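Asker: Sequence:
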Amino acid sequence: MITDYNKLFIMYRLITDVNYKVKRPQNPRFNANIFEILTFSWIFNLFKKGQSRDLEENDLYETLDDHKSSLLGDELEKVWKSEVYNAYKENRIPSLLRALFQLFGAKYIVHGLVQFLNEILLKTPQPLFIGGLLVYFSNDGPNKVDVGYAYFCASGLLIIMLLSMVIYHSNQIETVHFGMKIRVACCSIIYRKALCINHTALGKTTIGHVINLLSNDVNRFDSKIIFLQYLWIGPLQTIVVTYLMWREIGITSLIGVSTFLFFIPFQGWLGKKMFELRLKTAIKTDERLRLMNEIISAIQLIKMYSWEKPFEKLIEYARMNEIQQVRRSSYIRAISLSFIITMTRLQLFVSFLSYILLGYTISSRKVFVITAYYNILAPTMAVFFNQGLSAIPEMLVSIKRIQNFLLLEEKDGLKINISKSTDSVKNCVNNESVHTNDNTTTKNMKIKDNIVYFEINIMNATAKWTDEQSSNSLESINFNAKPGELVAVIGPVGAGKSSLLQLILKELPLSEGKLSIRGKISYASQEPWLFGGSIQQNILFNSPMDEVRYKKVINVCALKNDFEQFPYGDKTFVGERGVTLSGGQRARINLARAVYKQADIYLLDDPLSAVDTRVGKHLFEKCIIEYLKNKTCILITHQIQYLTNVDQVVFMKDATILAKGSYQELQAAGIDFTKLQIGSLEDKQKSTVESDIESNITNTKSFNACLSTRGSNESVLSCVNESKINDSVKCIEKHYNEEPEIRSSGNMSKSIYMSYFSASGNIYEVFLLFIICLITQIFISGGEYWITYWVNLEEHVFYHDNNSLKNNTLRETPYNNNATNYKISDTLLWWTISRQTCIIVFVVFTFSMILAILIRTAIFVSVCMKSSINLHNNMFNAIVRATMYFFNTNSSGRILNRFSKDMGAIDELLTMTLMDCIQNGLILLGVIIIVGIVNIYLIIPTFMIGLIFYKLRVFYMSTSRSIKRLEGITRSPVFAHFNESLRGLITIRAFEAKNLLSREFDNHQDLHSSAWYLLITSSRAFGFLLDITCLMYIGILIFSFIAINNNMYGGNVGLVITQTMGLTGMIQWAMKQTAELENQMTSVERVLEYTNVPQESALESPLDKKPPKEWPQKGQIVFKNFYLRYSLDTPHVLKNLNIKIESMEKVGIVGRTGAGKSSLIGALFRLALNEGSIYVDDLDINELGLHELRSKISIIPQEPVLFSGTMRKNLDPFDEYPDHALWNALDEVELKDVIEDLPGGLNSKMSEGGSNFSVGQRQLVCLARAIVR
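All residue numbers for the sequence shown refer to UniProt numbering, where the first residue is 1 and numbers rise by one.
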């Protein structure tokens, strides 16, 4: 196990412990019996645990086998590859939808059939039993049926309702389960695909786009798949119900059902609009997340350049474009949600009005049997069918977006061009043979005198990154590296040096020529890539532990002294992107990883640039010359003092090799090295010191400070029995320094709800919303009670009046016996009620309800959208103003999680859940009032049941809150892992670590799946308990009606039964939605948490302390008794500095890595906690506003920070300078000719991170940007 661990490194907060996989308890669902599965009782122990304390990550169960991300990903990947192959054979576009259906479709259909049988066999007969009960209470009842028949109908009704509940909930959890598995499988293959896409494809997408795929797009499978079954169940159930209603009210049943049919085209149109809006929203969200990712990555540069406010405007603009589409979608969702109220009541209105106009009279039995039938159809057709129609376009858009990503071109595979025919695809494949990429195995290698020969051969190679590129990245390259040869590649910036290594790594595609590589390759990138684990894990990276080799590599890479400085040595946590290391330390660890790997060819891309002369000399002599002396080594360098010690020098310029040979041969050929702008051999003895200033000032702070930054947090402790690795027992304490993610606990505070509504910015509009919701419910309940009053009038007044007119005698009815006890009046106050009056009042109630619902929808969406906009903007403003310490202790995945999944939930899920809760809560209140009006004594069992509901909700919520929070926390590592993997894509592929990274991603997903499965099963268990409780309540009401007396109006009995039967689904749905609302409010809570992160000082000075406009005039800098640290609980990094730098002086700051050089620069920008004084032209900078200070200082980062967009936007992001100023700056850094040669000039596209330019060119762009300022 320990050996396996050394092949499994950790990225970010682990799902496994530091050195061994955490042993989690077995999921009780695994061994649950059929009774426990049907009743969800297997999860009750977790509920009990949640009552006593908040659940923690170690309380999560082991992931079930059929939830494993690796297995689901393998299955979908296999089916997808088969689909791609078949698609090209059939000359069609590969379909992800087809692949998903092939993998999951059969079982999904089976569950649909079970649900169909439940709807037809168990739900549809329920009104027949209600009708039997109402016969007992109607005019003709007691003469025709006895009380035994009433008890039979009541018992039958309750039994089939119980069976329906059990089947419904057990089947629904399996359906939701399918959505979860589809999501997990899609995420897994998206990640695997991301590790394979080539540079061209990578340029077509952004990290923000892929994060959106992993958050919002795949989320559609979880939230929408449950509704798709009803697209075929709904119409079939409608046919059956229509037939049964025909038997009751004849032709008018068709008139009522036609209302459904009228709404179907409208729903279809809404679904089409949702498709369009979903597509537009996804594009806008991609753009916002891309921008957010770049801002988070470049936050320090943004702060140093005082760009916070301009970027705030950019984000606000992107958010405004996104919210326009979200608002339209919300209107459609809100209208769709109101269908369950409007459609049912409109159908009743149309049915009964037409029935009366045809000359019939209504009775309680007919009214409430028909009402019961429509209540059965209501959730199926008005909710689930409608949701299914809107789910189709949303899911199709998401599937299409994922499919397009999966069809991107891969590095080593077939170019997936959906416009090509099969023959052209074959040609594309066969074309590979024109420029061979020989990864020859050992069996095929040349063997002579028992020595295996490895070599690199490049013949007439021409290559470029994209077909659209106007010039080649490499031109007619002929290059050969013999076994054991050390080759130095030199040349000016943009000459193609790194592109040569990318060609050898097969990252840069050949246009023509031949490439032959024999042997295993190791690679050290020019920009060090480190992940958030220990230093040892970063060095081992997919290689087994060899302690002797490891110690040797540490020595030759000059890391031993650094490890001695660290309290935990090489077990120290380095943070995301190595934020806790200096630039020199990152470069040496990056080099150590490459050297530690057992390889035959070592590609080293300028590893000496980030270290000082002494360390650089040690690395060259001890590591490159001595340790790799028997290996083929290709070294890119600007340090020509070492060229005399290499076997071959390759001089490149303008994407071609101008000369190659030994140093002496090139000198003899007249090559002038001094023109390379990299120094000269004569400078070898001079004290030319390579600067160790990093692009991230704070990221390069000394480890002594970093290791103490989280002293208040518990370290992650783990003991490793290393004897299993090296036959020596040693227990090592490992300490992680990444801060745990901010997480609230306990009940959801009312202040969270208040903050959400107050974020709308208009408390009067919120008040108006609740008033209109109340008025809407008055119209709804009033209409329902009015029809009951009307039915009673029909049976006891109008019916007798009609008989009196016909026969002049009152027909004796069974109710005459009790007429003296229960007399209904046809006068209301001073108003005499007629049948015509009843119809008019019913019409008024119905259309007033529809109008009120439309007004409510408009106000509700307005309030929610304003809240969503302000919550997002407030969080962004707080984040961009947060201290650098916050960014160094929180991974980008955590922050992006808030801006992607949490904001997505607030935009879409929370709004509809909130609307549901308000709507269902008011309906429930209306039912209670109606029950009380019918029989005041029924309030007693209603109160008791209400108390049970409350207790159940409290029991559920304490656990549900913890699970929801855990679900959010376990989601962050998924995004963080993905984000960091894309940053180190070339290194990962060079180290053949794709499988390793995929397994780790699957592990992160598995932990999230464990939390998600508990979330959905706990929610379903809660719903099941509520339904059972509601069934008991219905039983009490029905049997009380029968047992107490039969002298009640049938209309009143029918009203209570139909209303309370509606509660069976509605109460559990309403309670679940209130719980879901609280769960969704955790997204608001998490967003609000980030609005309260520690902030930097004010951007502007007080009026009385503002510096003169011409400040600083001289530039004199004085440090006086100056101390610096990164947080209040860490030791000082700089201590008692007293320095004076005169105006116009050129000062060099030297010292070993971690000495505090970069911290000194950071102090000038006030990026940390300054103690003491720094005077610039006699003004203490600690008293100045940050913008007033930082805008007067310019910095050129060593590691370039660029944004996607155009060259113009990178030089002048906010259009403050004319074109000639930009061209002059480019000319000064000798990039003008390069940019002029591009098709768009200043408007040429810059890929994310500037990846379509060399590192050197990116650095020059940053220099030009500083000159422009």
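Derived by calculation from the structure, the hints in this document are not laboratory data.
Source: prediction; values computed, not measured.
Hints may contain errors.
Label pairs and their in silico Cβ distance ranges [stated by the list, open to error]: (1) 361 with 749: 32 to 38 Å; (2) 78 with 668: 58 to 64 Å; (3) 64 with 840: 56 to 62 Å; (4) 1110 with 1233: 34 to 40 Å; (5) 283 with 935: 53 to 59 Å; (6) 668 with 1182: 58 to 64 Å.
Result set (DSS-like, lysine-lysine): computed pairs, CA atoms no more than 27 Å apart in a straight line [to be verified]: (7) 464 with 653; (8) 284 with 78; (9) 482 with 464; (10) 866 with 284; (11) 520 with 193; (12) 514 with 560; (13) 1120 with 1106; (14) 520 with 552; (15) 400 with 68; (16) 1232 with 1114; (17) 309 with 1106; (18) 309 with 1192; (19) 1120 with 1192; (20) 224 with 273; (21) 78 with 68; (22) 1146 with 1135; (23) 400 with 78; (24) 81 with 411; (25) 68 with 107; (26) 1135 with 1109; (27) 107 with 78; (28) 617 with 514; (29) 994 with 78; (30) 193 with 224; (31) 1192 with 1105; (32) 629 with 617.
From the three backbone atoms N, C-alpha and C, an ideal C-beta is built for every residue, glycine too.
Asker: Evaluate each hint against the coordinates.
Answerer: Here's how the hints hold up against the structure:
At about 56 Å, the CB distance of residue 361 to residue 749 disagrees with the hint of 32 to 38 Å. Between residue 78 and residue 668 the beta carbons are some 60 Å apart, a value that agrees with the proposed interval 58 to 64 Å. Checked against the hint of 56 to 62 Å, the pair residue 64 and residue 840 passes, with Cβ atoms roughly 60 Å apart. Taking 34 to 40 Å as the suggested C-beta distance range, the pair residue 1110 and residue 1233 conforms, at roughly 37 Å.
Between residue 283 and residue 935, the C-beta spacing of about 57 Å keeps the proposed range 53 to 59 Å intact. In this structure the supplied range 58 to 64 Å holds for residue 668 paired with residue 1182, their Cβ-Cβ distance being about 60 Å. With a CA separation close to 15 Å, the supplied pair residue 464 and residue 653 stays within the 27 Å bound. Between residue 284 and residue 78, the direct Cα distance comes to roughly 32 Å. Violation of the 27 Å bound is thereby established for this hinted pair.
Between the alpha carbons of residue 482 and residue 464 the distance comes to roughly 26 Å, so the proposed pair stays at or under 27 Å and holds. Only pairs whose Cα atoms come within 27 Å are accepted, and residue 866 paired with residue 284 is accepted, the gap being roughly 18 Å. Of the supplied pair hints, the one linking residue 520 and residue 193 holds, its CA atoms being roughly 23 Å apart against a limit of 27 Å. Between residue 514 and residue 560, the direct Cα distance comes to roughly 42 Å. Violation of the 27 Å bound is thereby established for this hinted pair.
Distance check on the hinted pair: residue 1120 and residue 1106 sit about 21 Å apart at the alpha-carbon level, within 27 Å; holds. Between residue 520 and residue 552 the CA atoms are separated by roughly 21 Å; this keeps the pair inside 27 Å, and the hint holds. Proposed proximity of residue 400 and residue 68 is supported: the alpha carbons are some 24 Å apart, at most 27 Å. A distance of roughly 32 Å separates the Cα atoms of residue 1232 and residue 1114; the hinted pair therefore is violated under the 27 Å criterion.
Under the criterion of a C-alpha separation no larger than 27 Å, the hint pairing residue 309 with residue 1106 is consistent with the structure, at around 19 Å. With a C-alpha separation of about 16 Å, the suggested pairing of residue 309 with residue 1192 holds against the 27 Å cut-off. Proposed proximity of residue 1120 and residue 1192 is supported: the alpha carbons are some 21 Å apart, at most 27 Å. Our distance criterion of 27 Å between C-alpha atoms is met by residue 224 and residue 273, whose separation comes to about 17 Å.
Taking the CA atoms of residue 78 and residue 68, the gap is near 16 Å; set against the 27 Å cutoff, the hint holds. Taking the CA atoms of residue 1146 and residue 1135, the gap is about 23 Å. The hint holds against a cut of 27 Å. Distance restraint check for residue 400 and residue 78: the Cα-Cα separation of roughly 19 Å lies within the 27 Å cut-off, and the hinted pair is therefore satisfied. Only pairs whose Cα atoms come within 27 Å are accepted, and residue 81 paired with residue 411 is accepted, the gap being roughly 16 Å.
This hinted pair checks out: residue 68 and residue 107 have alpha carbons roughly 18 Å apart, not beyond 27 Å. A C-alpha spacing of about 32 Å is found between residue 1135 and residue 1109, which places the hinted pair above 27 Å, so the restraint is violated. At roughly 18 Å between alpha-carbon atoms, residue 107 and residue 78 fall within 27 Å of each other, so this suggested pair holds. For the suggested pair residue 617 and residue 514, the alpha carbons sit about 36 Å apart, so the restraint of at most 27 Å is broken.
With a C-alpha separation of about 17 Å, the suggested pair residue 994 and residue 78 falls inside the 27 Å cut-off, and the hint holds. Of the pairs offered as hints, the one joining residue 193 and residue 224 holds, with about 25 Å between alpha carbons and a cut-off of 27 Å not exceeded. A threshold of 27 Å between alpha carbons decides the hint, and for residue 1192 with residue 1105 the separation of about 16 Å falls inside it, so the pair holds. With a C-alpha separation of about 16 Å, the suggested pair residue 629 and residue 617 falls inside the 27 Å cut-off, and the hint holds.
Consistency note: the structure conflicts with the earlier hints numbered 1, 8, 12, 16, 26, 28.
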